[in-house]
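*Asks:* Turn these sequences into a full structure, and let the hints steer you where they fit.
Number of protein chains: 2
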Amino acid sequence: MNELKGAAIIGQSGGPTSVINASAAGVFIEALKQPNITRVYGAMHGIKGILNEEFYDINQEDMKELELLKTTPSSSIGSVRYKLKDVNVDDTDYKKLLEVFKKYNIRYFFYNGGNDSMDTCNKISKFFKNNDYKCFCMGVPKTIDNDLAITDHCPGYASAAKYVATSMMEIKCDATVYDTPIVCVVEIMGRNAGWLTAAAALASYKGMGPDLIYLPEIPFDLDKFYSDVKKKYEENNGKVLIAVSEGVKTKDGKYVPELVSDNIAADAFGHKQLGGTAQVLAEQLKNKLGVKVRAIEFSLLQRCAQHLASKVDVEEAFMAGSEAVKAAVSGVTDYMIGFKRIEKNGKYSCEYIKVPLAEVANAEKTVPLEWITKDGTGLTDDFINYALPLIQGDEKAPLEDGLPRFAKLKKILVNKL
Amino acid sequence: MNELKGAAIIGQSGGPTSVINASAAGVFIEALKQPNITRVYGAMHGIKGILNEEFYDINQEDMKELELLKTTPSSSIGSVRYKLKDVNVDDTDYKKLLEVFKKYNIRYFFYNGGNDSMDTCNKISKFFKNNDYKCFCMGVPKTIDNDLAITDHCPGYASAAKYVATSMMEIKCDATVYDTPIVCVVEIMGRNAGWLTAAAALASYKGMGPDLIYLPEIPFDLDKFYSDVKKKYEENNGKVLIAVSEGVKTKDGKYVPELVSDNIAADAFGHKQLGGTAQVLAEQLKNKLGVKVRAIEFSLLQRCAQHLASKVDVEEAFMAGSEAVKAAVSGVTDYMIGFKRIEKNGKYSCEYIKVPLAEVANAEKTVPLEWITKDGTGLTDDFINYALPLIQGDEKAPLEDGLPRFAKLKKILVNKL
Numbered sequence: 001m002n003e004l005k006g007a008a009i010i011g012q013s014g015g016p017t018s019v020i021n022a023s024a025a026g027v028f029i030e031a032l033k034q035p036n037i038t039r040v041y042g043a044m045h046g047i048k049g050i051l052n053e054e055f056y057d058i059n060q061e062d063m064k065e066l067e068l069l070k071t072t073p074s075s076s077i078g079s080v081r082y083k084l085k086d087v088n089v090d091d092t093d094y095k096k097l098l099e100v101f102k103k104y105n106i107r108y109f110f111y112n113g114g115n116d117s118m119d120t121c122n123k124i125s126k127f128f129k130n131n132d133y134k135c136f137c138m139g140v141p142k143t144i145d146n147d148l149a150i151t152d153h154c155p156g157y158a159s160a161a162k163y164v165a166t167s168m169m170e171i172k173c174d175a176t177v178y179d180t181p182i183v184c185v186v187e188i189m190g191r192n193a194g195w196l197t198a199a200a201a202l203a204s205y206k207g208m209g210p211d212l213i214y215l216p217e218i219p220f221d222l223d224k225f226y227s228d229v230k231k232k233y234e235e236n237n238g239k240v241l242i243a244v245s246e247g248v249k250t251k252d253g254k255y256v257p258e259l260v261s262d263n264i265a266a267d268a269f270g271h272k273q274l275g276g277t278a279q280v281l282a283e284q285l286k287n288k289l290g291v292k293v294r295a296i297e298f299s300l301l302q303r304c305a306q307h308l309a310s311k312v313d314v315e316e317a318f319m320a321g322s323e324a325v326k327a328a329v330s331g332v333t334d335y336m337i338g339f340k341r342i343e344k345n346g347k348y349s350c351e352y353i354k355v356p357l358a359e360v361a362n363a364e365k366t367v368p369l370e371w372i373t374k375d376g377t378g379l380t381d382d383f384i385n386y387a388l389p390l391i392q393g394d395e396k397a398p399l400e401d402g403l404p405r406f407a408k409l410k411k412i413l414v415n416k417l
Numbered sequence: 001m002n003e004l005k006g007a008a009i010i011g012q013s014g015g016p017t018s019v020i021n022a023s024a025a026g027v028f029i030e031a032l033k034q035p036n037i038t039r040v041y042g043a044m045h046g047i048k049g050i051l052n053e054e055f056y057d058i059n060q061e062d063m064k065e066l067e068l069l070k071t072t073p074s075s076s077i078g079s080v081r082y083k084l085k086d087v088n089v090d091d092t093d094y095k096k097l098l099e100v101f102k103k104y105n106i107r108y109f110f111y112n113g114g115n116d117s118m119d120t121c122n123k124i125s126k127f128f129k130n131n132d133y134k135c136f137c138m139g140v141p142k143t144i145d146n147d148l149a150i151t152d153h154c155p156g157y158a159s160a161a162k163y164v165a166t167s168m169m170e171i172k173c174d175a176t177v178y179d180t181p182i183v184c185v186v187e188i189m190g191r192n193a194g195w196l197t198a199a200a201a202l203a204s205y206k207g208m209g210p211d212l213i214y215l216p217e218i219p220f221d222l223d224k225f226y227s228d229v230k231k232k233y234e235e236n237n238g239k240v241l242i243a244v245s246e247g248v249k250t251k252d253g254k255y256v257p258e259l260v261s262d263n264i265a266a267d268a269f270g271h272k273q274l275g276g277t278a279q280v281l282a283e284q285l286k287n288k289l290g291v292k293v294r295a296i297e298f299s300l301l302q303r304c305a306q307h308l309a310s311k312v313d314v315e316e317a318f319m320a321g322s323e324a325v326k327a328a329v330s331g332v333t334d335y336m337i338g339f340k341r342i343e344k345n346g347k348y349s350c351e352y353i354k355v356p357l358a359e360v361a362n363a364e365k366t367v368p369l370e371w372i373t374k375d376g377t378g379l380t381d382d383f384i385n386y387a388l389p390l391i392q393g394d395e396k397a398p399l400e401d402g403l404p405r406f407a408k409l410k411k412i413l414v415n416k417l
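Read top to bottom, the protein sequences are chains A and B. Heads up, the first sequence is in our numbering, so the first residue is 1 and it goes up one at a time. Heads up, the second sequence is in our numbering, so the first residue is 1 and it goes up one at a time.
What the hints contain is simulated information worked out from the structure, not anything from laboratory work. Please note that a few of the clues may not be correct.
Because identical chains cannot be distinguished in the list, a pair is counted as satisfied if it fits within a single copy or across any two copies.
[Stated by the list, open to error] Taking lysine-lysine and the DSS-like style, the derived pairs with C-alpha atoms no more than 25 Å apart in a straight line are:
hint: 1; residue 1: K95; residue 2: K126
hint: 2; residue 1: K129; residue 2: K254
hint: 3; residue 1: K102; residue 2: K5
hint: 4; residue 1: K292; residue 2: K48
hint: 5; residue 1: K232; residue 2: K286
hint: 6; residue 1: K232; residue 2: K411
*Replies:* Here is the structure:
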């Protein structure tokens, strides 16, 4: 147990998830209990809010609303995409942060995000140490991309995966309803890691999923794609459902929209930014195979559909936050809370571990190639066994008027000193 | 009570909904109970299945799976878009239908769909009557568009509305998370009637919805749209959420994609079919106002997201099917089951009424203009009071492995005679 008394602050960073607020709730609720934490702050828009001395006074929030954060999607106190400069190039931000931390006597810092955020947290911690400012800095993981190193999986992934698998099953019901052929291409988030697109395989495992799945881990080949689709088209009476990651690229590193702009008229450039991967592929299939197509993009829905959150995910996300606080007050710093999978008698459980920030900062974990089927268009049972325990159970917001009742924070700004 | 003994057949037609199978379940389960109904058939792909003598033997299905149909999206026995010709022009199909009905002694005909389907049902019934074939023909309503005449609302609408409102609230959480401006345009189904787009106002009613809503009932004016968005952009610190019906058109009857193709380079024509209304509007806003934009299309998800089905909708859809059977066996023909809203002490309930097929065939009910706010970008309390009771309660498929367990029918084809 360390004896350092001071305020705690949490910042949320990067793209939202359905459960990032569950982690914030974990931090808030645990921090409010800790005698050594004198005040609990929520940084408005992550690191930017700290730089601007804009933070919410969490001590003034109602516990009922903090509990509701568990089932409120996105980042309630605001997120940010802000990359700190290399301290050796420009230490302005670092100095400002140190000044703010000192001024408000902030001794506990929790940063909730993906690998960029872990890098931010790590850099700040180092700067504080080099300047003899004692502060316990802990990372709280978050990403639908599931690409953080070392941890078995990341909070946010399971709920997005459950959304992808459930929606895929429903689309399968809908897209196959007529007796006419149709090829449906569904685009799923994930630029370099295909974890979320792979979740579509859970629907296939239930017999109601895509016929073809394309991950960024495997170089994308347009000709092979055509022939894959053609084969399935013939096998399945003209009905083909395809899941494709927004991040698939050729062996030359070209994304799908870039690929097409070389083959078709130059004026397509003007539209390139509009067309997603699914849309371009659907158009190509229509031209090449002369078939009816539909492109669907899950877009923001896949990362904010709290109504399909996995209970396992909500609970683990909350625990990641509360474990980070417990670790910090016991004197731990420079770690991110990670998950270790425990299987006892075939039953899944999760152990909370500490992962050095330096090891997750900017590292990226992709889907193991041996979990992808040889034809490059499906996932093996290893993936199913990995993902299935994570999407168990429902935990959605309570209903009010038939609609979700999300947390309503007072968001009282702390007076600037 | 009529004494005519014979088989019953049901066909599903038009675009799927989350609860069209609940209506089928209502027909199946009630028909299986009726002593005068000797056999229960499900037409494969609606009227086409009858013409081809392809129908499933529902008597061989397990009751458990028929019950699961209540929470299985889309049309399990297959849908169709097939318009019967005018009988005076070409009566081939009618003659074939009569032959099939006679051959299998089908005396009860249930057709589940929208206004086109009611027209089909009506035409068939008339032909049978003119040819002295006694058959009780009943329509079972279905449409997310909610545009059927006379009935207070339509099965399928409420669940789609609940999906739209819930997803809008979640998108609002997500799209406003950064401290940077963004305009988000969400496209919702409904070509001529704006009922489903109007459901976005339920999210606004909860304080978490779109800032601007555009229905097809009001002529769309691109200049007014720009100025509406600009105003909200300034008021809301650069964050604007817009709901737009795919069917909005100018006073000259031009849809949004057509509108734009006149203003920009002709080569855009090649892409027009790809770009939805939201995408085109988002692109226009980016060019005109120089703001960051995002276009989201709910696409198939809004009509097949059974996991967000309204309990009220599931129950009413089921009852519409079972009431149709009860009416037919009691001697009623040429009616569609409709809903009459009963409000007692502020509590909503629904009475099942009979609406003449002729009055719903090809008629279309749009959103009353007086329910649209004067500025043409919102809905009044009258709409909220109308829609809110319909989206109450959840009734989703049971979970198996964390994913929906939809009905698995045996689908045993009846031997052709």
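*Asks:* Next, verify each hint and record whether it holds.
*Replies:* Results of checking the hints against the structure:
no., hint, verdict
1, K95 to K126, "within (12 Å within a copy, 84 Å between copies)"
2, K129 to K254, "neither (42 Å within a copy, 64 Å between copies)"
3, K102 to K5, "within (13 Å within a copy, 88 Å between copies)"
4, K292 to K48, "between (47 Å within a copy, 20 Å between copies)"
5, K232 to K286, "within (15 Å within a copy, 39 Å between copies)"
6, K232 to K411, "between (53 Å within a copy, 23 Å between copies)"
Figure legend: structure checked against the earlier numbered hints; the only hint not met is number 2.
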